[in-house]
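Participant: For the sequence shown, this note's numbering begins at 155 and goes up steadily by one.
Hints should not be assumed to be uniformly reliable.
Restraint ranges, calculated between C-beta atoms of paired labels, are given here [to be verified]: (1) Gln170 / Glu240: 24 to 30 Å; (2) Glu251 / Arg202: 14 to 20 Å; (3) Glu240 / Gln216: 42 to 48 Å; (4) Val168 / Arg218: 18 to 24 Å; (5) Pro260 / Arg227: 22 to 28 Å; (6) Gln170 / Glu244: 25 to 31 Å; (7) Ile217 / Trp248: 37 to 43 Å; (8) Ala221 / Gly176: 28 to 34 Å; (9) Met190 / Val168: 22 to 28 Å; (10) Val168 / Glu251: 16 to 22 Å; (11) Gln216 / Arg257: 19 to 25 Å; (12) Ile199 / Arg257: 39 to 45 Å.
SDA-like, lysine to any residue: derived pairs with alpha carbons at most 20 Å apart [stated by the list, open to error]: (13) Lys203 / Asn222; (14) Lys188 / Lys225; (15) Lys203 / Asp184; (16) Lys188 / Asn222; (17) Lys225 / Pro171; (18) Lys225 / Asp184; (19) Lys203 / Phe156; (20) Lys225 / Cys174; (21) Lys188 / Glu256; (22) Lys188 / Gly241; (23) Lys225 / Ile160.
Simulated from the structure, these hints should not be mistaken for lab results. Glycine is no exception: its CB is placed at the ideal position from the N, C-alpha and C atoms.
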Amino acid sequence: TFTRDIVDGLVAAVDQPEACAGEVFNIGSDEEFKTMDGIRIVEEIVGRKARTDDVAGRPGDQIRTSANIDKIRRNLGYAPRVSLEEGLRETVAWFEEQIERERQTPTVP
C-alpha cells in the first residue's frame with residue numbers, strides 16, 4: 155500500500171470522528187500481489203535484473219496477505235488510488251533523487 159493511500163485513510167478517519175468511535179479499520183489495499191510481481195516491476199523501471207536468491211520460507215512467513223477494506227470503504231469512503239506500479243515508480247524516482255543529491259553534495263574531509 156502506497157504511503158499516500160495510508161495518509162488518505164488516516165485523514166478520512168480524522169475528518170469523520172463520529173464514524174470511527176469504537177471502530178477498528180484496516181487501511182491498506184485489497185489487491186493481492188506476490189513479492190516477485192514487485193521485483194519484476196522494479197526491474198522494468200530501473201532497466202536491470204535484480205540479483206535474487208531463492209530460499210526456503212521461514213516459520214511465520216505469510217503465504218498470502220491482503221487487507222479487507224470493506225468496512226473503511228463503507229464507513230469512511232476510503233479507497234486506495236495508487237497502483238502497485240505507480241507507487242513503485244514514485245518510490246524508485248525518490249531513491250534516484252536521493253542518490254543524485256548525495257553525489258552532488260561535497261564531502262567534508
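Participant: Would you list, in rising numerical order, the hints stated earlier that this structure does not obey?
Facilitator: Checked against the structure, the hints that fail are numbers 3, 4, 5, 7, 8, 9, 10, 11, 12, 13, 14, 15, 19 and 21, while the rest are satisfied.
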